[in-house]
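My request is simple: use the sequences and hints to build the entire structure.
These are the residues of each chain, in order.
Number of protein chains: 2
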Amino acid sequence: MAEKVCGIDFEEYLEKAESFHGTAAPGMIAGAYMIDYATSLLPQGDLYDVVCESGHCLPDAVQLLTPCTVGNGWLRIVPTTRYALTIYNKYNGEGVRVFIDHEKIEKYTAARSWFYRDIPKEQQSLEDIIHDLRRAGHDLYGVQRVVVKIQHPHNENERHAESKICSGCREVFKSMGEQLCPACSGAVYYEQMKPDTA
Amino acid sequence: MAEKVCGIDFEEYLEKAESFHGTAAPGMIAGAYMIDYATSLLPQGDLYDVVCESGHCLPDAVQLLTPCTVGNGWLRIVPTTRYALTIYNKYNGEGVRVFIDHEKIEKYTAARSWFYRDIPKEQQSLEDIIHDLRRAGHDLYGVQRVVVKIQHPHNENERHAESKICSGCREVFKSMGEQLCPACSGAVYYEQMKPDTA
Chain A
27 MAEKVCGIDF EEYLEKAESF HGTAAPGMIA GAYMIDYATS LLPQGDLYDV
77 VCESGHCLPD AVQLLTPCTV GNGWLRIVPT TRYALTIYNK YNGEGVRVFI
127 DHEKIEKYTA ARSWFYRDIP KEQQSLEDII HDLRRAGHDL YGVQRVVVKI
177 QHPHNENERH AESKICSGCR EVFKSMGEQL CPACSGAVYY EQMKPDTA
Chain B
27 MAEKVCGIDF EEYLEKAESF HGTAAPGMIA GAYMIDYATS LLPQGDLYDV
77 VCESGHCLPD AVQLLTPCTV GNGWLRIVPT TRYALTIYNK YNGEGVRVFI
127 DHEKIEKYTA ARSWFYRDIP KEQQSLEDII HDLRRAGHDL YGVQRVVVKI
177 QHPHNENERH AESKICSGCR EVFKSMGEQL CPACSGAVYY EQMKPDTA
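Quick note, the sequences are listed as chains A and B, same order. Counting with my numbering, you get residues 27 to 224 for the letters of the first sequence. Counting with my numbering, you get residues 27 to 224 for the letters of the second sequence.
Incorrect hints may appear among the rest.
Identical copies look the same in the list; a pair holds intra-copy or inter-copy alike.
To be verified - Straight-line C-alpha distance at most 30 Å; calculated DSS-like pairs for lysine-lysine:
no.	residue 1	residue 2
1	K116	K133
2	K42	K190
3	K42	K30
4	K175	K133
5	K116	K42
6	K30	K190
7	K175	K42
8	K116	K147
9	K147	K190
10	K30	K175
11	K147	K175
12	K175	K130
13	K133	K190
Read the hints as simulated data drawn from the structure, not as lab findings.
What follows is the structure, encoded as structure tokens:
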């Protein structure tokens with residue numbers, strides 16, 4: 027059983043996961059081993075970005091265990107709905123993609139039930155799942171060497187965007203020539219209750 | 027000058043911001059005051075979700091200062107390119123939206139230059155910007171009472187999705203009837219270097 031993951035004590039990681047994520051959920055544990063696996067295959071000292079293919083738990087494991095966060099732009103979510111992540115050199119895109127291998131997970135009954143959600147969550151034992159994930163270590167995952175083809179998330183289009191006051195909401199947005207911000211163009215997610223006051 | 031923000035010492039927050047985000051960037055400071063402002067207008071003890079309208083810095087301030095993270099699904103990014111965030115009751119959607127008010131920021135020269143990026147970053151003084159943001163406190167921001175209309179990010183479509191092995195990559199994905207995962211349907215972000223091996 028691996029006692030450390032990504033260089034820190036497993037128990038300490040559990041505490042960090044509870045504090046940051048709310049619970050030491052299975053995805054936080056699997057994520058830690060996926061990051062551990064990927065980084066073990068990459069040169070130390072390079073600067074990396076990360077892509078998570080699921081928004082469930084994985085981004086939080088990345089944010090706890092690497093310098094990459096959503097807000098600093100080094101972590102990006104590309105939702106393919108596969109349980110996978112890629113850690114790659116931010117300059118040349120070369121990296122390692124780690125995913126849950128459905129053949130390998132077959133022999134870990136509790137981890138398998140978590141992964142497929144084929145029995146109700148209330149009937150799953152979190153303790154058994156974590157035991158499986160620890161016991162498995164890197165063994166649950168497949169790896170691929172990849173070259174990532176996307177730009178740094180904060181760079182796309184932004185170099186040419188101009189700060190402009192939206193002719194709808196009168197707030198400042200990043201315009202590529204448009205007069206209306208994306209919210210006033212239809213991407214609004216709320217209704218205002220009392221305009222201009224709180 | 028506000029010595030605390032979101033209930034913690036400002037200097038302590040700066041250290042947390044550096045540790046998590048990499049730097050105590052202006053957006054991390056503005057974000058903290060925006061969260062502080064919004065929560066001061068909301069009942070204590072309710073359970074909240076957050077929407078950030080920019081992926082720059084704001085999500086990291088939220089993740090440091092609230093229980094909401096990207097990976098636990100309580101924080102969502104709706105990129106309108108406006109510098110704004112909304113904190114809202116996760117059950118009824120009622121909340122407060124806080125945004126940078128372009129009229130109010132006019133009198134804060136350093137903060138204004140940061141916001142509009144109208145002088146090169148190298149010529150801006152981080153110290154002056156932070157001084158402006160602290161001096162301003164809540165004064166830089168507008169607020170709106172809103173009702174948020176989006177679903178919890180992790181719930182959309184997922185209740186009816188089935189775990190299926192993709193007929194392309196042979197990995198497990200969440201299918202709504204499709205045989206190919208989103209990556210194999212075109213949303214792939216990488217090229218594989220050496221198939222099936224690392």
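We went through each hint and held it up to the structure:
1. K116 / K133: For K116 and K133, neither the intra-copy (36 Å) nor the inter-copy (38 Å) Cα distance is at most 30 Å.
2. K42 / K190: neither (41 Å within a copy, 32 Å between copies)
3. K42 / K30: both (14 Å within a copy, 24 Å between copies)
4. K175 / K133: neither (35 Å within a copy, 43 Å between copies)
5. K116 / K42: For K116 and K42, the Cα distance is within 30 Å both inside one copy (26 Å) and across copies (24 Å).
6. K30 / K190: neither (50 Å within a copy, 32 Å between copies)
7. K175 / K42: Neither. Shortest intra-copy (32 Å) and inter-copy (32 Å) distances fail the 30 Å Cα cut-off.
8. K116 / K147: between (38 Å within a copy, 22 Å between copies)
9. K147 / K190: So K147 and K190 pass the 30 Å test across copies only (19 Å; inside, 48 Å).
10. K30 / K175: Neither. Shortest intra-copy (32 Å) and inter-copy (43 Å) distances fail the 30 Å Cα cut-off.
11. K147 / K175: between (37 Å within a copy, 28 Å between copies)
12. K175 / K130: within (28 Å within a copy, 41 Å between copies)
13. K133 / K190: Result: close only across copies, 18 Å inter versus 57 Å intra.
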